[in-house]
Structures are given as structure tokens and as C-alpha cells.
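Participant: What follows is the residue order along each chain.
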Amino acid sequence: MNGTDAPVLPPVSPRRRRTDRFMRGLFGGATIVAIVPLVLVIFYLVQKGLGSWSIDFFTTDPSGKFFGDPGGIKSAILGTIEMVGLATLIAVPIGIGVAIYLVEYGKRGRFAQVVRYFIDVMTGVPSIVFGLFIYITLVLAGTGGTAFAGWKGSAALALLMLPIVTRAGEVVLTLVPDELREGALALGAPRWRVIFRIVLPTALPGLITGMLLAVARAAGETAPLIFTATIVKGSSLDLNGPMNSLPAQIFSDVGQAQDRLVARAWGAALTLVLMILILTTLARVVSRRSRLA
Amino acid sequence: MTEPPETEMTDSSPSTGTGGTEPQRPEPPAGTPVRAVTAAADAKAGPAADSNARLVRLEDLRAFYGDAAAVRNVSLDFPPNEVTAIIGPSGCGKSTLVRCINRMHEEIPGARAEGKVLLDGQDLYASGVDVVAVRRAVGMVFQKPNPFPTMSIFDNVAAGPRLTGMRGGGLRERVERTLRGAGLWEEVKDRLDEPGIGLSGGQQQRLCIARTLAVEPEVILMDEPCSALDPVATLKIEELIAELRTRYTIVIVTHNMQQAGRVADSTAFMLTGEMVERGPTDKIFTNPNDQRTEDYVSGKFG
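As you go down the protein sequences, you meet chains A and B in turn. With this note's numbering, you'll find the first sequence wraps up at 293, consecutive numbering, no jumps. With this note's numbering, you'll find the second sequence wraps up at 302, consecutive numbering, no jumps.
Don't read these hints as lab results, they were simulated from the structure. Computed from a predicted structure; not experimentally measured. The C-beta atom is built at its ideal place from N, Cα and C for all residues, glycine as well. Among these hints, one or two may not hold up.
[Stated by the list, open to error] Distance condition first, Cα-Cα at most 30 Å in a straight line; then the derived BS3-like pairs of lysine-lysine:
| hint | chain 1 | residue 1 | chain 2 | residue 2 |
| --- | --- | --- | --- | --- |
| 1 | B | LYS144 | A | LYS107 |
| 2 | B | LYS283 | B | LYS300 |
| 3 | B | LYS116 | A | LYS107 |
| 4 | A | LYS48 | A | LYS233 |
| 5 | A | LYS65 | A | LYS233 |
| 6 | B | LYS189 | B | LYS236 |
[Unchecked claim] Per the computed footprint, the stretches of chain A lying under chain B, defined by three or more beta-carbons under 8 Å from a beta-carbon of chain B, are:
| hint | stretch |
| --- | --- |
| 7 | 171-180 |
| 8 | 188-198 |
With the rest of the complex left out, here is chain A:
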């Protein structure tokens, strides 16, 4: 009955074609708006920061001179590594411990739900509040004999990292299939052995990713450090003394009316971003190896 060449299905209406084109443009536009500032940040960082990089930049401490050679950022890099390292040692075992409790023992219980709620609240607390808390409890009290100290900076960073590690850990541990736990329990394994021999090894890549993300976050924090570890010039291996850090150094340099100091801030910022980039890349590589997710 049909005409010989008449198509079976109607063609796309012009109206729908227009709508499709409009929507595609809308979402593509949003993506471009978002990506422009990100690219500009990296562009300026590299353009302004790379110029101040030199061997001396990484191997000398800030000189403190307003005129003349301002020195490098050795103490800041060292301080950041020390304090973030200590904070990681504190926050990761506790955070993963909490995550194991929530997933393996607390489950849907009332206490576990309360803990989850507090962790969510802690995730949203501004980092300066953690700094303030440590300032009031440890710095003003002069705990350990000194007012400002690297380990107090670490404590503030650890508080910041704790909810991140816990949340990430909980998500990853929940992803471990229950069949594996049941399989191990049905063999007659005690619960702690199931956790250590089956659950944690299966979740390991994800736990490492969560840890590295928390480290990257803590490495970039300024607020919890400026009034716990404060800003100093010299390199220090003494965690009980004041300690420099990259974000604090940037904060201090960028406000100076001296081009060389501002240039050092750009160089330090590029260094910090590169350190975090390396950590994030590492996290991605590890999580890609994951058997979950």
C-alpha cells in the first residue's frame, strides 16, 4: 500500500534537531566555563613559578632579607613533608580503624550512625577551626615546653585528615563483597582473621587511594598551620619546635611589597601543586589496579 520510496519511519523533526543542538551547546558551554579558570591557574603557576626555580631555590632556607637575596624554600618543603608525614601516621591507622568498626562491627547500629554523622560534620568543618582548636588546647597551654611546634601542626592536620580517611575507607570496605566475608566465616575463620586476611587485602588499593587524597588535601592547608607550627625561616628536624611549611611560606611571601618575595611565592606554589599532582597521580594508578570499583 505504501508508496514505493516512502520511509517506514518518519525523519527527525526540525524542532527536535534544534533542541538537541541547543542542549549539546548548553552543557558543552558549562564545561568550557569550568575549564577556563583551571587552565589559567596552571598557566600562571608555570609561567610565574618556573622562573624562580633553581638549584639554590630548593637547597637554601629563606634568608629573611627584604632587600637582596631572599633565599629559597628548603625549610618549607622539609617542614611540609615532616608535618604531613606525622599527620598521616596519626590519622591513617585511626581512620581505617574507625572505618573497619563502622563496616564490620557497627553496621546499621545506633552508635555507628551517630559516629557517621559526626564524621560528616567533621568533613565540613573549615580547616581554620581545627587550627584554632589546637591553638587553644596545645599552643596556649605550651604543651611539650614550647608554644608553636611542628607536632601541633601535625595534630591539626591529622584532625583534618581523619574524616577524609574514614569516609574513603568506609566506602571501600563496603565495596568488598559480602560473599567473601561469608565464604571466610563459613570456613570457620574468626572475624578478626577475616578482616585482616580477606577484607583488608581486597580493599587495599582503595584504602591507599583514600589515604593519598587525604595527604594531598593536608599538604595544601595553610590555616591549621600558621598558628600551630607558625612561619619560620630555618630548616628544622625538631618536631617540638616551630616549623615552616609551603602553604605558610606562600601566605607570608605573597603579601610582601617586594617582587622577589612574590616570585618566591609563585615558585613555592608551583612546587606544592607538583607535589600534590604526583600524589594524586599515584592514587589514580593504585586505584586503577584495584579489583573493586
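With chain A fixed as given, assemble chain B onto it according to the hints.
Facilitator: What follows is chain B alone, placed relative to chain A:
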């Protein structure tokens, strides 16, 4: 309900009904069920010399999820060196029933069980019974093969002894012995270091059976062990069940009535949490006492 004697019952005649004959385990009553598939039937031998199978007896077992009853007052015997199949439509409580036997049921939040599960007379739910010890004596094979993904083939089998803290050397020998027991040795002996999840589904399931055997249980529960497998892999598992029968008490939950017909000495039919009927497999399928059993096995529902 007669109160059962609390004594050891190594030789008990199940409800299938021969009077207790003396030697270790009597063969099922005269005229062992005629089976359609002979592969399994060939291996229907008496208990092996090293059999450590035990009688499992359920007395008035009730299981709940929260307030919902999933198993209602079931009393049933699973005789040693026999394969007992539990059939029934989805949600009839058959999986819950077997999960009560190794106390895995209580792992689910809100789930609980009442009544008695006796292993050669000892109540597994009595206070003071170590749930870990229960699960070592009563092994379980799950519906979906669940080898440990971080472990090699060897480690998967060794996981049983390692996870249960078994000490002593001879681990390699034990792994080889159990892999042979699970009929997997010839297929994997050259790649024991490869990951267990690299095997095919049927091989994974036999790996899980080997893992269960490595703990040296007395009873093996199988919760629809072949439902995720193709017919060839299913046949291999069924042949394996026929061999394991000589050494263990085997309870198998199955959706597949033909499978029950092929592997089981006796079959129990469950409906909405109740045990409707239990008897020799061929009787259940050809001449059941209960109309509901008749309707189910003839495909009128379920």
C-alpha cells in the same frame, strides 16, 4: 514429638525407614532409587574407610528475619554418607534452613534461629558452643563461586587451614590432596600461583569446594551450588558430590528438580517455611504422599 536421647547417635536410621541394621551405615532401603543419570549412580558406594560424616538432626527448628518467620518448626534428619536434597519454590526457606545448620543465618542483622540442630547428638545452638568450631565441622559451598580475589589458586585452598589457624607442615600435600578430592588437581597443577578468579565458573566452584574440604569438615552444605554454572560444569560438580558422599554428610539445596533426582538419596520438599514431605528421591518425584508435593514436582507451580 518424642524427646530424642541425648546420646551419641553414630548409627541412626533416618525417616526413610529401615530398622537400624548393624554395620556402620546401612545402604538405603532395598531398591535404591532408580536414577535417570547413571554417572552419579555409579559412585553410590557405602561410606569410605576414612569417612568422618556425622548425622545432622533438626528438631523443631525455627528461623526468623526480624519478626518474619522463614522456617517454621522443621524436624528433619540428614543421615551420614547420604545426599539429601531440599527442593521448593523461591522464598520457601530452604536456603535459610541450611544456613541454620552452620549458624551462618545469624550473621544477617536481625536474623535469629530457635530450636535444635544436633550434630551426632550435640546441640549446635547450646550455650557455650563455639560458632567458629561449628563452621569448621559444617562446611558450606555457596550459590555464587566466591574464591578470594587477592589470592592464588594455591592460597585459596590454603586459606581454609590458614584462616582457621591450623598449624603444622604438610600444607602443600594438603592442598594437593584436597584439589584432587575436588577433581581440580589435573586442571590447575601447573598454575597454582595464578589468581583463583582467573578460572572458569565451574572451576571456581570446585576450587571453593576444595577450600571447604581443606578444613576437614564432617558435613557439607551446598546452597544451589550449580545455579550459576553451565550444564557441563554442573555435571562435573554432580559427579563430585557422588564421590564426596562416601566421606561426608551432604545437604544440597537446589532449584533444579532434575538435579535432585540425579544426586540425592532422599529429597525434602519445603513450602512457605514448612517441611511438607521428605522421602526417598524417586518416591518424592513419582509417588509423593502430599498433593502439594505432587503439584510442585509435576510443574503446576513454583
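Participant: Tell me, which hint numbers fail for this structure?
Facilitator: none
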